[in-house]
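Asks: Residues per chain, in single letters:
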Amino acid sequence: MSKKMHISLTVNGKQEEFLAEPRELLIYTLRERLNITGPHIGCETSHCGACTVTIDGKSVKACTMFVAQADGADVTTIEGLGNPDSLHPLQEAFKEHHGLQCGYCTPGMITRAAKLLEENPNPTEDEIRFGMAGNLCRCTGYQNIVKSIRAAATEMNAAKEAAE
Amino acid sequence: MKDEITSRDDRVANLKGMGCSRKRVEDARFTQGKGNYVDDIKLDGMLFGDFVRSPYAHARIKSVNSEAALKVPGVLAVLTAEDLAPLGLHWMPTLAGDKQMVLADGKVLFQGQEVAFVVAEDRYAAADGIEAVEVEYEELPVIVDPFKSLESDVVLREDTVDENGKATDGAHGPRKHPNHIFTWEVGEKDATEQVIDEADVVATETMYYHRTHPCPLETCGSVASMDKVNGKLTLWGTFQAPHAIRTIVSLISGLEEHNIRVISPDIGGGFGNKVGAYPGYVCSVVASIVTGRPVKWIEDRMDNLMTTAFARDYWMTGKISATKEGKITGLHCNVTADHGGFDACADPTKFPAGFMNICTGSYDIPTAYLAVDGVYTNKAPGGVSYRCSFRVTEAVYFIERMIEVLAIELNMDAAELRRINFIKKDQFPYQSALGWEYDSGDYHTAWDKALKTVDYDGLRAEQAERVEAFKRGETRKIMGIGLSFFTEIVGAGPVKNCDILGLGMFDSCEIRIHPTGSAIARLGTISQGQGHATTFAQILASEIGLPADSITVEEGDTDTAPYGLGTYGSRSTPVAGAATAMAGRKIRAKAQMIAAYLLEVHDDDVEFDVDRFVVKGAPERFKTMKEIAFAAYNQAIPGIEPGLEAVSYYDPPNMTYPFGAYICVMDIDVDTGVTDIRRFYALDDCGTRINPMIIEGQVHGGLTEALAVALGQEIAYDDQGNVKTGTLMDFFLPTAWEVPNYETDHTVTPSPHHPIGAKGVGESPHVGGVPCFSNAVQDAFRPFGLRHTNMPHDHWRIWKTANSLGMHD
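Residue numbers (our numbering), protein chains in the order written: chain A, 1 to 164; chain B, 1001 to 1809.
Quick caveat, the hints were computed from the structure, so don't treat them as lab data.
Hints may contain errors.
[What the hints assert, rightly or not] When the alpha-carbon atoms are kept at most 35 Å apart in a straight line, the in silico DSBU-like pairs for lysine-lysine are as follows:
| id | chain 1 | residue 1 | chain 2 | residue 2 |
| --- | --- | --- | --- | --- |
| 1 | A | Lys4 | B | Lys1071 |
| 2 | A | Lys95 | A | Lys58 |
| 3 | B | Lys1062 | B | Lys1107 |
| 4 | B | Lys1042 | A | Lys58 |
| 5 | A | Lys95 | B | Lys1449 |
| 6 | B | Lys1800 | B | Lys1724 |
| 7 | A | Lys14 | B | Lys1034 |
| 8 | B | Lys1350 | B | Lys1477 |
| 9 | A | Lys160 | B | Lys1034 |
| 10 | B | Lys1477 | A | Lys147 |
| 11 | A | Lys58 | B | Lys1724 |
| 12 | A | Lys14 | B | Lys1023 |
| 13 | B | Lys1042 | A | Lys14 |
| 14 | A | Lys3 | B | Lys1071 |
The following block holds chain A by itself, in its conformation from the complex (with noise of 0.2 Å):
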């Protein structure tokens, strides 16, 4: 077994710190270490996206990240986008347009989307499609996701131009 590492990083603005090995992945990290287990694994080779988080401002994949290069980072689940008082207006989108079914994939989805329109405040649905597309769902053939990205764009937009 090599030598453990110091680890200190950022989870849902709290801060974490522990020893690790150089091996072990994020999603580990996060699902075994620090019990939150919003983000899932689904392939283990960056293809689904179920483990989908946010680090230092970029969508990433937790399940093919050592935990060793995420040191020092500012890390975002599903858990830190909102909460049963306040939820994200993707989160809301999601329930009303019925983006999702199994839920197994919503985590990662929702992580990803609330990037997406970041990057991108008011996509087409070819980009909402483009950008989604390292987000793999088995369940809802994608319409609803597409349709509730959609909506929750509309709405936040509407939320800002209101606040302005």
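Knowing the structure of chain A, use the given hints to seat chain B on it.
Replies: For chain B alone, kept in the frame of chain A given last:
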């Protein structure tokens, strides 16, 4: 009590009962990352187990040495067949009457087969332990072709021959060869052959429905916790049939059933993958018993694709005969089914090839014959129903291709050929030549609506123009119009002919009404994304007049839910949905007596109206269901027990037969083989519609899984039995970018025998979608001389088709 909602329409709306697009109650937890899937379960002291798997498809195991592995830090135990044998657990029964090795007993029969189970403190230690287990293999000749298997001298399974090397009888009758599992015949062989011999026109085609995999996003897994103090075993897992799993665990472990609690937590998609029992489940249980600590086993994606639950792998040869005018006279179907190393198909016992005998489809075919031969090869076991009722996808693909081939033979339009052969509305209930009684249908109406909506004639004209343009060299894109009209057979099934391992395929619902007018309903099924907690509450709301929002639906815990056979084969709504309605009616019957007592009239003088019982002819005199619920708990009513509860075990009198009409318009670039789905129209008739939003979602999802299977998804082997598609790099799951928007539509032909007329919908889009996508590809090439080409129609194969037709010359 003053009723706050006065208008009847408002009272109906307040219930959120059947027919409304109620939002899902499941979504709050899933959208916030608070689902509870099996891998989310954590118990004190929990260990992790994982498999040493065979790199070879066929090999003798000379030795397994765990010595080094046991020295690896964190490794607690290594289980082999030798350890399991004294418990009789080195083999386990399959759902198909065969048995399967839990851990390799002397040999392995497919790549990835479970050889040893390493139990460790965590996943990393388990992986280290797996690396350190030394297995000595002696390679044996590999058979991946079922036809060669039936001619081979190599006996794959030593338990299929007697001491003289002669094939013994299998679970479904005599074997023709040691590698042969069964022959299953339905229909009139001689009569069918005679009809075909004497027919004006006969079309013959052989097609291969390739091996694929349900591949839910969550893989299979389990957590076993043996409490040695109380002698109780709790087993969480990805079980589509938790009660059946409990019975199987009891039968093979010897633990009494009341000491076993099986829990299916949230399931991240099933699609048939999670119906069967897998070695991992057994090993997690044994490891927990051995170590006295909870043990988790979770597949990785490669394990999942390589070892658990393949689907399809049917070689089908058909002959279809017709008059010159196109009236079909006979159908003959011969199937060679590759079942892999063990027969682990999940079919009702009496149906070793599932309901393949629905292969006469939606057509009035007077004479038919089907024969299926199951064969062992060195491939993974499975043969599950991937988003379909048992082998129904294969059957529908077969007939929908045969119709297309017959249309070519007759030089006739395939839409018209379908129309003149549909079973007519007044023929229902319809007795099919292969033994089914179709409950209800109106195929002509559905077909006409579909063709009109897409302007079928206009599309054909456009296609003809495109062919001419292609021939003139003005375009390199051709156009296909994919047609599919399917009839499913779902809702297995009547106990008289449907059982799995002797367990009748009824289902159940138990309802408790609480004093303040809310309720809990528990069912023998388990949702894997279908939204049962939402829709079953809607059925109940309409039946018992309490708002769906006041009804909790619970499934998946065998200690609390009534016994049922689970969720697969679109059986939840047809069977458990019926049980729900029937249990609701028992509640209502008791409520009627309570209402009559409270209103001081005779039972017959009150009638149910939305959410209350009303005195006939005096609508101002009523008791709401809420009031009745309270009275059931606080009033001493002569002759009536306190409380308001009911349970129903529903044995369906027949299957249900959902149907639909699908049309796909596709453009194909003949130089790249790239397909572009321009339009997809899906009309579904699932009988009574409980929640249109959820139906639509099911259709979108099923069509996307159909697109995957038709256009690229396969489990492919090389000739040494190596799986070539073991990761999502090679195994095609469509992304949002590849999937079109679908147009959904419906007609409503209720099932006459189902209490609420519902037929089930979850699997229709997959069953009808696969032939539709495939037919679109094949139709595009029909004007250039194509008769049939096998799926999956990936870009490379389409390019090859174009090339073979001289379209690149």
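Asks: Against the 35 Å threshold, does the CA-CA distance of B/Lys1042 and A/Lys58 hold or violate the hint?
Replies: holds, 30 Å
Asks: Taking 35 Å as the top limit, are the C-alpha atoms of B/Lys1042 and A/Lys14 close enough?
Replies: holds, 22 Å
Asks: Does B/Lys1477 sit within 35 Å of B/Lys1350, going by the straight-line distance between their CA atoms?
Replies: violated, 48 Å
Asks: Check whether the Cα positions of A/Lys14 and B/Lys1023 lie no farther apart than 35 Å.
Replies: holds, 33 Å
Asks: Taken at face value, is the distance from the CA of B/Lys1071 to the CA of A/Lys3 at most 35 Å?
Replies: At roughly 19 Å apart (the allowed maximum being 35 Å), B/Lys1071 and A/Lys3 satisfy the hint.
Asks: Under the criterion that the straight-line Cα-Cα distance not exceed 35 Å, is the pair B/Lys1062, B/Lys1107 satisfied?
Replies: holds, 8 Å
Asks: Compare the distance between the alpha carbons of A/Lys58 and B/Lys1724 with 35 Å, and conclude whether the hinted pair is satisfied.
Replies: Measuring from Cα to Cα gives roughly 33 Å; hence the hint holds.
Asks: Check the hint pairing A/Lys14 with B/Lys1034 against an upper bound of 35 Å on the C-alpha distance.
Replies: Since the Cα atoms of A/Lys14 and B/Lys1034 sit roughly 19 Å apart, the hinted pair holds (cutoff 35 Å).
Asks: Are B/Lys1800 and B/Lys1724 close enough, with their CA atoms no more than 35 Å apart?
Replies: holds, 20 Å
Asks: With a cut-off of 35 Å on the C-alpha distance, tell me whether A/Lys95 and B/Lys1449 pass.
Replies: holds, 32 Å
Asks: Can you confirm whether the C-alpha distance between A/Lys95 and A/Lys58 stays at or below 35 Å?
Replies: Given that 35 Å is the threshold and the Cα spacing comes to 25 Å, the pair holds.
Asks: Are A/Lys4 and B/Lys1071 close enough, with their CA atoms no more than 35 Å apart?
Replies: This hinted pair holds, its Cα atoms lying about 20 Å apart.
The structure fails to meet hint 8 from the earlier list, while all remaining hints are met.
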